[in-house]
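Undergrad: The primary structure of each chain is shown beneath.
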Amino acid sequence: MEKHIRVPVDKETAKSLSAGDYVYLTGTVYTARDAAHKRMEEALREGGALPFDIKGQVIYYMGPSPARDGRPIGSAGPTTASRMDKYTPRLLDMGMGAMIGKGKRSAEVIDAVARNGAVYFAAVGGAGALLSKCITSSEVIAYDDLGTEAIRRLRIENFPAIVVIDSKGGDLYRTAAEEYRHSEGGDQ
Amino acid sequence: MIRAVDVKEITENIKEMCIEANHFLAPDMGRALERAAVSEKSPLGRQILSQLKENLKIAAEDMIPICQDTGMAVVFAEVGQDVHLEGGSLEDAVNEGVRRGYAEGFLRKSVVRDPLLRDNTKDNTPAVIHTKIVPGARLKLTVAPKGFGSENMSRIFMLKPAEGIEGVKNAVLTAVGDAGPNACPPMVVGVGIGGTFEKCALLAKEALTREAGSHSPLPHIKALEEELLDQINGLGIGPGGLGGTATALAVNINTYPTHIAGLPVAVNICCHVNRHITRVI
Ligand code: SF4
Numbered sequence: 017m018e019k020h021i022r023v024p025v026d027k028e029t030a031k032s033l034s035a036g037d038y039v040y041l042t043g044t045v046y047t048a049r050d051a052a053h054k055r056m057e058e059a060l061r062e063g064g065a066l067p068f069d070i071k072g073q074v075i076y077y078m079g080p081s082p083a084r085d086g087r088p089i090g091s092a093g094p095t096t097a098s099r100m101d102k103y104t105p106r107l108l109d110m111g112m113g114a115m116i117g118k119g120k121r122s123a124e125v126i127d128a129v130a131r132n133g134a135v136y137f138a139a140v141g142g143a144g145a146l147l148s149k150c151i152t153s154s155e156v157i158a159y160d161d162l163g164t165e166a167i168r169r170l171r172i173e174n175f176p177a178i179v180v181i182d183s184k185g186g187d188l189y190r191t192a193a194e195e196y197r198h199s200e201g202g203d204q
Numbered sequence: 462m463i464r465a466v467d468v469k470e471i472t473e474n475i476k477e478m479c480i481e482a483n484h485f486l487a488p489d490m491g492r493a494l495e496r497a498a499v500s501e502k503s504p505l506g507r508q509i510l511s512q513l514k515e516n517l518k519i520a521a522e523d524m525i526p527i528c529q530d531t532g533m534a535v536v537f538a539e540v541g542q543d544v545h546l547e548g549g550s551l552e553d554a555v556n557e558g559v560r561r562g563y564a565e566g567f568l569r570k571s572v573v574r575d576p577l578l579r580d581n582t583k584d585n586t587p588a589v590i591h592t593k594i595v596p597g598a599r600l601k602l603t604v605a606p607k608g609f610g611s612e613n614m615s616r617i618f619m620l621k622p623a624e625g626i627e628g629v630k631n632a633v634l635t636a637v638g639d640a641g642p643n644a645c646p647p648m649v650v651g652v653g654i655g656g657t658f659e660k661c662a663l664l665a666k667e668a669l670t671r672e673a674g675s676h677s678p679l680p681h682i683k684a685l686e687e688e689l690l691d692q693i694n695g696l697g698i699g700p701g702g703l704g705g706t707a708t709a710l711a712v713n714i715n716t717y718p719t720h721i722a723g724l725p726v727a728v729n730i731c732c733h734v735n736r737h738i739t740r741v742i
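Heads up: the protein sequence lines correspond to chains A and B, in order.
As numbered in the working numbering, residues 17 to 204 make up the first sequence, in order.
As numbered in the working numbering, residues 462 to 742 make up the second sequence, in order.
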């Protein structure tokens with residue numbers, strides 16, 4: 017089903033989404049990937065605060081290529097989400113509303129999504145040029161020294177994504193392949 | 462006859478190739494995507510494949526990198542033994558080309574100096590350079606920027622000779638199945654069979670620079686490439702890992718003699734953004 021969603025997401029909207037829904041996201045999201053997650057984790061461990069209020073917010077796992085003159089951003093597709101799995105349950109428990117990335121998540125993340133009524137979207141990996149067209153502004157708000165890994169606030173418009181993990185524990189990666197499977201996988 | 466080549470020429474070519482590879486996919490990859498779009502059974506899969514084609518168009522027209530992960534630069538240099546390089550070292554010339562290409566081409570700097578301390582070198586150097594001395598007076602350079610979503614899903618298996626061809630198939634299907642959506646399918650699968658531990662990894666990497674849709678000249682390996690492509694596409698992973706029949710665009714296998722006691726197999730996974738470009742100077 018196709019849906020137009022405003023981000024940040026409220027709980028009710030997040031809970032209404034099901035694995036397999038095709039969505040267009042419009043609003044504000046924050047980028048963070050490996051190094052920014054590590055710093056946020058360190059800040060929390062030392063009793064500090066996150067660089068932005070995470071309640072209801074969406075984190076986009078993405079590190080862009082540099083913008084050419086006159087453009088808000090360079091190529092801007094999703095990175096592999098599983099590298100952030102270690103940090104994610106805590107952020108979800110703090111109220112993070114959704115994530116955009118690509119690839120499988122751990123059982124702990126899937127549980128935390130369900131427990132908190134959140135959602136995990138996948139954007140198409142390797143479509144960074146196309147996705148950059150849905151980003152209308154970009155501003156570094158923290159960890160500038162991390163270069164591409166800094167935290168950015170993005171305005172997105174009709175950003176295409178697919179619901180992969182929903183608040184009912186649905187996981188599209190697990191179920192979608194079954195339908196088209198006709199050969200055995202390896203077991204090494 | 463000794464032929465003199467100024468290393469500045471190498472730098473200039475490497476710079477241009479880094480930029481070109483990240484904005485224009487080689488024609489073989491475009492054709493492979495077209496074929497996949499025609500045969501894909503899943504409607505969502507077809508939608509994703511058409512987004513990928515659109516993405517390539519935007520990348521080329523607007524000069525936006527195809528993918529934001531513009532890779533670690535892998536460079537194969539075949540240097541003719543009758544070439545005399547002047548004006549500096551080959552390695553420095555290549556790295557200078559990468560440095561300029563990634564700066565002037567607005568490409569992402571994704572290399573950290575130390576694998577544990579992890580400070581970004583901020584210019585995407587150093588490249589990973591594989592040099593080979595060959596007969597003749599020419600220089601053949603291949604630049605293959607490698608993204609790590611797929612690189613991270615690559616594997617090496619040290620099989621026993623008794624495991625034979627079934628063991629090889631099992632290894633490849635295991636690596637591809639585990640990679641799933643993480644490697645940005647549809648993938649290109651580079652396989653190295655034989656040699657030693659490090660040689661088979663290099664074979665697999667070289668296999669990725671072969672044209673998608675080309676085949677090994679060895680009949681039994683060509684048959685294996687075809688059978689594996691079929692089996693991989695039967696795993697159901699599909700475009701974006703969201704289900705479908707186009708899980709891989711190509712399986713390229715390179716082989717080398719090996720030891721009586723061994724059967725090394727390396728599986729180097731690449732995404733649909735399989736960048737490679739070659740020039741001869
Ligand atoms: S695996 Fe390939 S397509 Fe996916 S993000 Fe990395 S470089 Fe881009």
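Hints are supplied without guarantee of correctness; some may be wrong.
Only some residues are given here: those of chain A computed to face chain B with a beta carbon under 10 Å [said to hold, decoys possible]:
hint : residue
1    : Leu-66
2    : Ala-83
3    : Lys-184
4    : Gln-204
For the record, the hints were derived by calculation from the structure and aren't laboratory data.
Because the structure is a prediction, the values reported are computed rather than measured.
Glycine included, each C-beta is placed from N, C-alpha and C at the ideal position.
Undergrad: Quick check on Gln-204/A please, does its C-beta sit within 10 Å of some C-beta on chain B?
TA: holds (4 Å)
Undergrad: Quick one, is the Leu-66/A hint okay against chain B at 10 Å, beta carbons?
TA: It is violated, given that the least Cβ distance between Leu-66/A and chain B is near 21 Å, above 10 Å.
Undergrad: With a cut-off of 10 Å, does the beta carbon of Ala-83/A approach a beta carbon of chain B closely enough for the hint to hold?
TA: Check passed: Cβ of Ala-83/A comes within 7 Å of chain B, closer than 10 Å.
Undergrad: Given Lys-184/A as an interface hint, is the shortest Cβ-Cβ distance to chain B below 10 Å?
TA: violated (18 Å)
Hint violations for this structure: numbers 1 and 3, all remaining hints satisfied.
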